[in-house]
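Engineer: Chain B: place on chain A using the hints.
First to last, the sequence lines map onto chains A and B.
First residue of the first sequence? That's 794 in this note's numbering, and the numbers climb one at a time after it.
First residue of the second sequence? That's 1243 in this note's numbering, and the numbers climb one at a time after it.
Among the hints, a few may not be true.
Output of the computed footprint for chain A on chain B, the stretches with three or more beta carbons under 8 Å from beta carbons of chain A [as the list claims (entries may be wrong)]:
{"id": "1", "region": "1254-1262"}
{"id": "2", "region": "1442-1450"}
{"id": "3", "region": "1527-1538"}
{"id": "4", "region": "1774-1781"}
{"id": "5", "region": "1917-1926"}
Hint data in this document are derived by calculation from the structure and do not stem from the laboratory.
Only a predicted model underlies this, so the values are computations on that prediction, with no experimental measurement involved.
The beta-carbon is built from N, C-alpha and C at its ideal position, and this holds for glycine as well.
Each chain is listed here by its residues.
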Amino acid sequence: MEIKISVNVNGKNYVREVEPRTLLVHFLRDTLRLTGTHIGCDTSSCGACTIHVDGVAVKSCTMLAVQADGSSITTIEGLAQGAELHPLQEGFKECHGLQCGFCTPGMIMTAADLLAKNPNPSEAEIRHGLEGNFCRCTGYHNIVKAVQYAAEKMGTEISA
Amino acid sequence: MSNKYIGKAVKRVEDKRFITGKGKYTDDMILPRQTYAYIIRSPYAHAQVKSIDISQALATEGVVAVFTGDDIAQSGINGVPAGWQVNFKNGDIMKEPPHPLLVGTGSTVKHVGDAVAVVIAESKEIAADAAELVEIDYEVFDAVVNPVEAVKEGAPLVHESAPNNIAFDWEIGNPKAEVDEAIANSHHVTSLEFVNQRMVPNPIEPRSAIGHYESSSDRYTLYTSTQNPHLIRLLMCAFVLGIPEHKVRVVGPDVGGGFGSKIFHYTEEALVTWCSKQIERPVKWTSERSEAFITDAHGRDHVTHAEMGFDKDGNVTALRIKTFANLGAYLSTFAPAVPTYLHGTLLQGLYTTPKIHLDMTCAFTHTNAVDAYRGAGRPEATYLLERLMDLAAHEMGVDPVELRLKNFIPPFDGVNQPGYQTQVALQYDSGNYHEVLRRGVAMLGYEEFRKAQAEAAQSNKLLGVGFSTYIEACGIAPSAVVGALGARAGLYEVGQVRVQPTGKVSVYTGAHSHGQGHETTFAQVVADKLGIPLEDVEIHHGDTETVAFGMGTYGSRSLAVGGSAIVKSLEKIIEKGAKIAAHKLEANEEDLTFADGKYTVNGTDKSVAFGDIALTAYVPHNYPAGLEPGLDFSSFYDPANFTYPYGCHIAVVEVDKETGKVSLKRFIAVDDVGNVINPMIVDGQIHGGLAQGIGQALLEGAIFDENGQLINGSYMDYCMPRADDLPMFELDRTETPCPHNPLGVKGAGEAGCIGSTPAVVNAVLDALWSGGFGHVKDILMPTTPERVWRAMNS
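The following block holds chain A by itself, in its conformation from the complex (with noise of 0.2 Å):
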């Protein structure tokens, strides 16, 4: 048995028939493609999976995607406004805040979220806010300092 459901990605919107099992991450890397969002794990862990659901940041594996239906979903594809990105992930290259990638866009959503619930976020809160997210290859050092950057430009843009 199928179910059908509309969700909005990226400003897009989709009908799509879905299984009732299928997870939200599976829906969107398989079925609609966006491979962007990474898995990791089988056991909620890792964070990979972030995405923003009605703007709030949900590990994609931890939702199944009829649990979506009616809502309007931002992955790492949908984060950058046209050819310009994203403070953090303007953040992320400047600071070498990623290595290998494959946690980086979870990462980012992630930060993302923590962003616009403490746009002044102090080192310590950074990294408590980042504590659901696995990174393997940095030791979080620059990705600490590449969410600084963009709290920094973001704060700046606000004020300007």
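Structural biologist: Positioned in the frame of chain A, the structure of chain B alone reads:
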């Protein structure tokens, strides 16, 4: 050559695709008519497969095929081989039992996760559902998981062909009797029994492989998350499937981290390739995380007894070691080399120790294979030496910094002074070991720290500092040397530089980037050597079809060996370009200088730009007689020696006396990785290595129960460092050029992981010693609150 890019923190060119979600990892690909494989794995560590019934699964709608070990055996396929041969002390060849792709009926599975059957279906869900319908009968036997227990008489046997579960025994160093005598005559002997626990590498991308056979051309393509596509092709074609190498393409696309665990040729790679031929459709397998825990090769797993002797002045007199290393159930690709040539040869450390002996026993157990994990043998050597050093200083009542300075090998540059010949086969290239320690100690503020520590000793929050000074052998490796040591391959690298007619440059390297930033670092070298913009250079890697050959990325070898191969090709390009330039400028080749992207006649303003030379090479209308058109060179570079990065790592921890919880307050690392092309990337490599080394000290470790079950085999249960477990790292470096490669580079990928672990454990012990627990000699890693609390309360 200009220096516009080399030495600069150039932002990475590969980042754009990763930060926008456009990376292309193996599991991101869906090929036309692709099928999905689900591998059925043994839930037991040691059991005989009595029978397999696949009939229900085969009858399931959407199932394309089900294969068992009997199918594999019938097609005459060999198991996966080891890539390195080590001999017993008595000269006998190591035991190398077969590692089948699937374990057939009547045979025994040898670890939890050993593959028994594969279901191939139209979707991964159907494959997984149908796998539930495969009925397998096992007769379960006792298992052994610990290398010391495994070699005892009467232990359950992993392989009939390996009595007492011994894969091989091995030794290195001075004659044992001389070392025994030196230890016996020592004024003080520091002795320590400890465990270097088993680690799970855990790259965040799980392994994935797609086999694609096309009958139209009788060709195979394997996409796989690997660190070295060419070696996988060679091993799979020549040793496993017996298919012609020129009919096989292996692609390692974007790979989400490796840390050693993706070097090896895994059974799943050969399995999907073979399956694709059977059903003439692409077959994809992607590991689940829980599956990765029981099938990826693990690292470390040593049980050691080490003794270090000193004379009355504190000079090291001898080092004697007995270690049992766990190799798991099968010999993985590099496994035999890790506890031997990548470990025993580093036991000189940075010290002038005159007598050294290592006695190593390598054991099979009913666990998944153990192989290279970031550092591979060298972290184990460093852990051993540096734990002994801090403990010896404590026992003798001397300062651990002073004890090291007293015993360091004096500075040598490898040019005016010769390399340093160790007691354990290697000759170090160059180093100034005193300098990295002095710098680290200055960054720490040692005197102030000891004052703060003394005050803290009166409170419930003890402070401790731990030191570690390490050396590693990397840039692996000279083929003749490793061949003599048992390697079944050469360890050179290949670099091709193709200058296009418009002067743009395509570079093909046999190294493989899975986070190291080769697309940037290598381009910096090429752009500067040719005096062209970085944007005019593109680095290609990871595809056996486009890259002539290669040995891949591991052992901190990519820039030292792969970069050197590219430099060799660049030299050929510049030399040929000079012939063309001389013709165009009507000058003698000897009178030309190539700099800043142009050939200039010495003493004149007559010059011709590199781009013009490139165009002329491909449009050779007015061209030197007898010279071939084109500007495209490939080179093999075989290094003259290993490279020897070294450094000093210092950890500061706080230990809660009431709970035993350890908090890492500071981490200082002063590393010397030779010349640096991109300091931003080198720092990033150090950071990542530190996190993994610190993870081993404080948090991580695979735990098998007596039945061979990995009881912390998930990301929920296996504790890796998260962002709030680590501080900002404090880095500095010295640059002592490697004297034997053209870039003077030594390698940075493993350094952080090699030096950091003992620094942290030493710091925990130092904290305890400062708090009145001077009797504590060791705490098992990871130093969990419970273990630390028990150490204080025993």
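Engineer: Each hint: holds or not?
Structural biologist: Going down the list of hints, with the structure as the test:
| no. | hint | verdict |
| --- | --- | --- |
| 1 | 1254-1262 | holds (count 8) |
| 2 | 1442-1450 | holds (count 5) |
| 3 | 1527-1538 | holds (count 3) |
| 4 | 1774-1781 | violated (count 0) |
| 5 | 1917-1926 | holds (count 4) |
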